[in-house]
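Construct the entire structure; sequences and hints are all you get.
Chain order of the listed sequences is A and B. Quick note on my numbering: the first sequence kicks off at 64 and runs consecutively. Quick note on my numbering: the second sequence kicks off at 42 and runs consecutively.
Just so you know, the hints here were simulated from the structure itself, not pulled from any lab data. There may be inaccurate statements among the hints.
[Claimed, not checked] Once the Cα atoms are required to be at most 30 Å apart in a straight line, the calculated BS3-like pairs of lysine-lysine come out as:
| hint | chain 1 | residue 1 | chain 2 | residue 2 |
| --- | --- | --- | --- | --- |
| 1 | B | K90 | A | K490 |
| 2 | A | K490 | B | K367 |
| 3 | B | K304 | A | K384 |
| 4 | A | K360 | B | K376 |
| 5 | A | K490 | A | K243 |
| 6 | A | K490 | B | K390 |
| 7 | A | K376 | B | K320 |
| 8 | B | K304 | A | K376 |
| 9 | B | K376 | A | K376 |
| 10 | B | K367 | A | K384 |
| 11 | A | K384 | B | K376 |
| 12 | A | K376 | B | K170 |
| 13 | B | K90 | A | K384 |
| 14 | A | K490 | B | K538 |
| 15 | B | K170 | B | K218 |
| 16 | A | K360 | B | K218 |
| 17 | A | K384 | B | K390 |
[To be verified] Short, incomplete list of chain A residues facing chain B, as computed with Cβ under 8 Å:
| hint | residue |
| --- | --- |
| 18 | H307 |
| 19 | R361 |
| 20 | R366 |
| 21 | A370 |
| 22 | N374 |
| 23 | A377 |
| 24 | L380 |
| 25 | G382 |
| 26 | A437 |
| 27 | V484 |
| 28 | Y488 |
Quick reminder that beta carbons are idealized off the backbone N, C-alpha and C, glycines included.
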Amino acid sequence: MSTESAPGPQTGVAQDLQQGPRIAVSALVTNLREYGLVLALIAIMVFFQFTTSGTLFKPVNLSNLVQQNSFIIVMALGMLLVIVSGHIDLSVGSVAGFIGALAAMMMVIWPLGPLSNPLVVSIICLVVGGAIGAAQGYWIAYHRIPSFIVTLAGMLIFRGICQALLGGGSSVGPLPVGFKALSSGFIPDLIGPLTLIPPTVNAAGKTIVGSGLTLHLTTIVIGLVAVLAYAYFGLRARRTREKHGYEAEPFSLFVVKTLVISALALFLVYQFATYRGLPIVLMVMGVLIALFVFVTKRMTIGRRIYAMGGNAKAAQLSGIKTERLTLMVFINMGVLSALGGLIIAARLGQAVPAAGLGSELDVIAAVFIGGASAMGGVGQVIGAVVGGFIMGVMNNGMSIMGVNVDWQQVVKGLVLLGAVVFDVYNKNKA
Amino acid sequence: MASTILEMRDITKTFPGVKALSNVKLMVEEGEIHAVVGENGAGKSTLMKVLSGVYPSGTYDGQIIYRGDECHFKGIHDSERKGIVIIHQELALVPMLSIAENIFLGNEHARYGVIDWNANEARTSALLKKVGLKEDPNTLITNIGVGKQQLVEIAKALSKEVKLLILDEPTASLSEKDSQALLDLLLEFKRQGITSILISHKLNEVNRVADKVTIIRDGRTIETLAKKDISEDRIITSMVGRSLDDRYPPREPNIGETVLEVKNWSVYHPIHAERQVIKGINLNARKGEVVGIAGLMGAGRTEFAMSLFGRSYGRRITGEVFLNGKPIDVSSVSKAVEHGIAYVTEDRKTYGLNLIDHIKHNITLANLPGVSRHGVIDDLRELSVANDYRGRTNIRASSVYQMTGNLSGGNQQKVVLSKWLFANPEVLILDEPTRGIDVGAKYEIYTIIARLASEGKAIIVISSEMPELLGITDRIYVMNEGRIVGEMAASDASQEKIMRAIVRGEGKAS
Numbered sequence: 064m065s066t067e068s069a070p071g072p073q074t075g076v077a078q079d080l081q082q083g084p085r086i087a088v089s090a091l092v093t094n095l096r097e098y099g100l101v102l103a104l105i106a107i108m109v110f111f112q113f114t115t116s117g118t119l120f121k122p123v124n125l126s127n128l129v130q131q132n133s134f135i136i137v138m139a140l141g142m143l144l145v146i147v148s149g150h151i152d153l154s155v156g157s158v159a160g161f162i163g164a165l166a167a168m169m170m171v172i173w174p175l176g177p178l179s180n181p182l183v184v185s186i187i188c189l190v191v192g193g194a195i196g197a198a199q200g201y202w203i204a205y206h207r208i209p210s211f212i213v214t215l216a217g218m219l220i221f222r223g224i225c226q227a228l229l230g231g232g233s234s235v236g237p238l239p240v241g242f243k244a245l246s247s248g249f250i251p252d253l254i255g256p257l258t259l260i261p262p263t264v265n266a267a268g269k270t271i272v273g274s275g276l277t278l279h280l281t282t283i284v285i286g287l288v289a290v291l292a293y294a295y296f297g298l299r300a301r302r303t304r305e306k307h308g309y310e311a312e313p314f315s316l317f318v319v320k321t322l323v324i325s326a327l328a329l330f331l332v333y334q335f336a337t338y339r340g341l342p343i344v345l346m347v348m349g350v351l352i353a354l355f356v357f358v359t360k361r362m363t364i365g366r367r368i369y370a371m372g373g374n375a376k377a378a379q380l381s382g383i384k385t386e387r388l389t390l391m392v393f394i395n396m397g398v399l400s401a402l403g404g405l406i407i408a409a410r411l412g413q414a415v416p417a418a419g420l421g422s423e424l425d426v427i428a429a430v431f432i433g434g435a436s437a438m439g440g441v442g443q444v445i446g447a448v449v450g451g452f453i454m455g456v457m458n459n460g461m462s463i464m465g466v467n468v469d470w471q472q473v474v475k476g477l478v479l480l481g482a483v484v485f486d487v488y489n490k491n492k493a
Numbered sequence: 042m043a044s045t046i047l048e049m050r051d052i053t054k055t056f057p058g059v060k061a062l063s064n065v066k067l068m069v070e071e072g073e074i075h076a077v078v079g080e081n082g083a084g085k086s087t088l089m090k091v092l093s094g095v096y097p098s099g100t101y102d103g104q105i106i107y108r109g110d111e112c113h114f115k116g117i118h119d120s121e122r123k124g125i126v127i128i129h130q131e132l133a134l135v136p137m138l139s140i141a142e143n144i145f146l147g148n149e150h151a152r153y154g155v156i157d158w159n160a161n162e163a164r165t166s167a168l169l170k171k172v173g174l175k176e177d178p179n180t181l182i183t184n185i186g187v188g189k190q191q192l193v194e195i196a197k198a199l200s201k202e203v204k205l206l207i208l209d210e211p212t213a214s215l216s217e218k219d220s221q222a223l224l225d226l227l228l229e230f231k232r233q234g235i236t237s238i239l240i241s242h243k244l245n246e247v248n249r250v251a252d253k254v255t256i257i258r259d260g261r262t263i264e265t266l267a268k269k270d271i272s273e274d275r276i277i278t279s280m281v282g283r284s285l286d287d288r289y290p291p292r293e294p295n296i297g298e299t300v301l302e303v304k305n306w307s308v309y310h311p312i313h314a315e316r317q318v319i320k321g322i323n324l325n326a327r328k329g330e331v332v333g334i335a336g337l338m339g340a341g342r343t344e345f346a347m348s349l350f351g352r353s354y355g356r357r358i359t360g361e362v363f364l365n366g367k368p369i370d371v372s373s374v375s376k377a378v379e380h381g382i383a384y385v386t387e388d389r390k391t392y393g394l395n396l397i398d399h400i401k402h403n404i405t406l407a408n409l410p411g412v413s414r415h416g417v418i419d420d421l422r423e424l425s426v427a428n429d430y431r432g433r434t435n436i437r438a439s440s441v442y443q444m445t446g447n448l449s450g451g452n453q454q455k456v457v458l459s460k461w462l463f464a465n466p467e468v469l470i471l472d473e474p475t476r477g478i479d480v481g482a483k484y485e486i487y488t489i490i491a492r493l494a495s496e497g498k499a500i501i502v503i504s505s506e507m508p509e510l511l512g513i514t515d516r517i518y519v520m521n522e523g524r525i526v527g528e529m530a531a532s533d534a535s536q537e538k539i540m541r542a543i544v545r546g547e548g549k550a551s
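So, in structure tokens, the structure goes:
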């Protein structure tokens with residue numbers, strides 16, 4: 064049960080500051096789920112920072128972490144909408160593998176001339192992904208075939224096509240450098256690097272790698288702009304609510320929340336800046352996350368998806384075209400699976416038959432760890448993203464610690480179970 | 042003097058932020074039929090959940106004394122072992138299993154896990170005989186009607202050696218005839234010494250069978266009446282805390298031009314393609330008019346309304362719809378809504394609400410463009426709209442952020458109404474708008490209907506409660522077997538006249 068009290072002109076800042084800590088604590092408890100997930104991620108990060116003796120937050124490792132997990136998070140954005148609308152998509156790993164193979168064939172093997180340009184290939188691949196989503200969504204939306212079955216079929220079909228395309232067990236590569244930049248590239252430093260401490264030069268006249276301190280200035284600027292924009296929009300939203308006499312979250316909590324998130328973001332940005340700057344794939348991911356947060360929180364189409372997942376019949380009788388909406392959700396999933404496939408291929412530098420194998424399970428796990436309900440109608444984009452990062456950090460941290468891959472699976476399984484049990488327990492308590 | 046079988050002392054149960062029960066007392070004597078009445082949300086069902094152990098001992102304060110011992114039930118199993126069986130409003134039967142399988146579900150006659158079907162069937166036949174149900178024990182639940190399903194539930198209770206039978210609104214979805222049979226069965230049980238607690242909204246039923254009535258309001262026991270003191274007026278007064286001299290709000294009809302006109306509307310059954318469900322209906326509704334559609338269950342009223350509302354029911358739909366004299370296309374829900382038609386469903390939980398979302402999001406769902414620009418929702422505007430309608434329809438909730446699933450039936454209905462009011466329709470079709478909601482909330486719904494009519498909307502009310510139709514409408518159509526078999530001004534109409542139209546219509550149809 065929500066404990067929000069009736070909106071009305073109240074909670075002045077002065078009064079709020081006076082009662083600050085108590086209100087903040089109660090608000091924190093109320094929103095335990097929301098904050099709890101972020102706190103859990105931070106706790107996990109700190110844990111691995113210690114157990115890996117500081118390797119986790121090393122700039123090189125942070126870049127690796129982002130590059131290894133971005134495709135999971137990109138696909139989790141689509142999966143969130145699929146799960147919120149009351150469905151599931153088991154085919155995303157196979158579709159990603161197939162698209163990677165298709166991209167490699169177009170760029171490396173098939174004589175397509177100018178069409179084999181990485182950008183053109185990528186666009187074609189995204190369109191193909193959308194078409195795959197539409198084909199699966201068509202059966203689910205208009206013929207009411209359970210999505211579990213349709214996408215299970217899709218999982219088999221596209222893994223098969225992926226392998227056939229690559230001619231059995233072989234891999235296809237190497238992929239062009241321009242294409243690989245999608246995963247392994249960094250944004251260029253347009254403003255120019257800032258050298259704070261010149262690198263040490265050894266006796267042979269060569270600079271020692273990793274010595275000195277040079278900052279990627281563009282990264283710093285982007286980071287600062289993003290943090291300022293975050294704080295500004297947060298503050299503005301609060302102001303408008305207060306001006307119209309509606310209750311906002313306690314000011315003290317707002318400040319603490321904004322400071323913690325900004326500090327964390329700036330710390331990460333700084334780490335990236337000391338290395339080679341922001342990875343391109345992180346920028347892509349960031350833009351997509353912002354877009355999906357906006358769509359789910361603010362746009363009518365997002366609201367309709369939640370309504371459909373909550374009660375499809377009621378949504379339909381409220382004038383929502385549920386069939387078309389379902390189709391769109393699956394088209395979106397297809398496009399994002401294709402993007403995931405491109406990211407995987409770009410990171411490996413080649414297309415392999417097993418690309419993306421089993422990743423559908425990581426993607427689905429990320430969404431559920433993020434608090435989505437298997438019954439549909441409930442789930443947040445940020446939750447899915449944090450869920451994806453939790454999985455990623457655990458993968459990365461345990462690998463550095465030298466934990467056996469088998470046991471990594473066991474731990475991930477336990478975390479998934481634990482997160483959902485925590486959710487259900489919390490819900491029953493409320 | 043009969044002995045006390047059950048005493049609940051000072052039961053207090055709190056949920057976060059809400060005190061559902063406070064110091065409730067209930068005394069039931071051996072062998073009586075004890076009715077518990079109260080408005081929706083008064084706490085009746087919560088009290089029964091406390092009694093049956095759904096809310097385990099320790100989660101509430103107070104004492105339960107059953108047959109002289111204080112009981113601490115940890116779950117339903119504990120209370121069932123002592124012979125307390127509760128039959129919920131929503132039946133808990135598995136549709137694809139047989140009657141026998143359902144009756145002995147979880148309690149099968151078995152040896153080493155192997156079920157002895159002969160023993161089960163023999164026992165089932167004996168139990169069915171007791172409740173007067175003539176069905177083969179192997180019949181699937183899905184193939185028998187709701188009334189018979191209720192009897193199966195009771196047979197299941199008997200199989201557990203029930204001493205205290207609790208029925209939560211048992212007749213809510215039963216026809217008049219089935220209800221009578223069920224009440225007779227309760228009286229028969231009473232002769233056999235089984236004690237019953239009957240939770241009901243239907244005061245005439247309470248009047249007929251109950252030996253005592255306990256009235257609960259706002260989580261408190263108001264009073265317990267003995268047989269000689271039971272009267273509908275007395276109960277209503279206690280239930281709502283004020284006397285409802287007039288159950289229907291006064292209204293000055295101000296009727297204008299014809300807004301909606303339906304001509305020759307025919308619909309076929311969605312599965313049995315050759316069965317015609319609606320047979321050439323002609324109907325109209327005028328500005329500021331409240332039009333009723335009367336009829337028995339299965340007359341085709343809901344089917345007619347839903348087929349009209351964006352072809353949400355049936356196949357091969359033919360006929361014409363005119364709005365303000367112009368033909369309109371109502372082939373999809375969104376088109377119907379665009380043309381200003383709204384349909385408030387009879388089953389709000391299944392078709393009306395997103396129960397896992399809050400009031401605000403439910404109210405704006407049918408008119409999202411009304412709170413958004415270029416597909417982007419204006420959060421503040423949405424909030425003020427939600428608060429506005431919450432005030433107008435008097436939704437009782439802690440805020441518009443309360444989940445609709447946690448509201449009482451009457452308040453849920455007000456949320457559904459608000460949703461459609463915000464869509465600003467010209468024609469509002471209300472299907473059983475007061476089903477399963479209490480007297481106080483009913484009055485509020487009637488008031489809203491009257492206000493909408495005075496604002497110039499055309500309102501069509503489908504209802505099975507004839508007094509309600511007579512009380513709030515201006516004109517009544519009588520439907521039977523997919524046809525309009527009568528039309529009368531409400532001022533000339535009576536229950537008798539309506540029934541006669543139905544019966545005559547039946548004669549004509551065959």
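Verification of the supplied hints:
1. B:K90 / A:K490: 19 Å, holds
2. A:K490 / B:K367: The hint is violated at about 51 Å.
3. B:K304 / A:K384: Roughly 27 Å separates the two Cα atoms, so the pair holds.
4. A:K360 / B:K376: Cα-Cα ~26 Å, so holds.
5. A:K490 / A:K243: 44 Å, violated
6. A:K490 / B:K390: 20 Å, holds
7. A:K376 / B:K320: 26 Å, holds
8. B:K304 / A:K376: Within the cut-off at roughly 28 Å; holds.
9. B:K376 / A:K376: Given that 30 Å is the threshold and the Cα spacing comes to 17 Å, the pair holds.
10. B:K367 / A:K384: Holds - the C-alpha atoms of A:K384 and B:K367 are around 25 Å apart, at most 30 Å.
11. A:K384 / B:K376: Holds: A:K384 and B:K376 sit about 11 Å apart, inside 30 Å.
12. A:K376 / B:K170: Violated, because 40 Å separates the two Cα atoms, which is more than 30 Å.
13. B:K90 / A:K384: 39 Å, violated
14. A:K490 / B:K538: Since the Cα atoms of A:K490 and B:K538 sit roughly 53 Å apart, the hinted pair is violated (cutoff 30 Å).
15. B:K170 / B:K218: Distance ~19 Å between B:K170 and B:K218 Cα, so the pair holds.
16. A:K360 / B:K218: 51 Å, violated
17. A:K384 / B:K390: 20 Å, holds
18. H307: Since the shortest Cβ distance to chain B is 5 Å, the answer is holds.
19. R361: 5 Å, holds
20. R366: Given a least distance of 6 Å, the restraint on A:R366 holds.
21. A370: 5 Å, holds
22. N374: Holds, because the Cβ-Cβ distance from A:N374 to chain B comes to roughly 5 Å (cut-off 8 Å).
23. A377: A:A377 check passes; min Cβ-Cβ to chain B is 6 Å, inside 8 Å.
24. L380: Holds, about 5 Å.
25. G382: 4 Å, holds
26. A437: 13 Å, violated
27. V484: Since chain B brings no Cβ nearer than about 19 Å to A:V484, farther than 8 Å, the hint is violated.
28. Y488: It is violated, given that the least Cβ distance between A:Y488 and chain B is near 15 Å, above 8 Å.
Checked against the numbered hints listed earlier, the structure breaks hints 2, 5, 12, 13, 14, 16, 26, 27 and 28; every other hint is satisfied.
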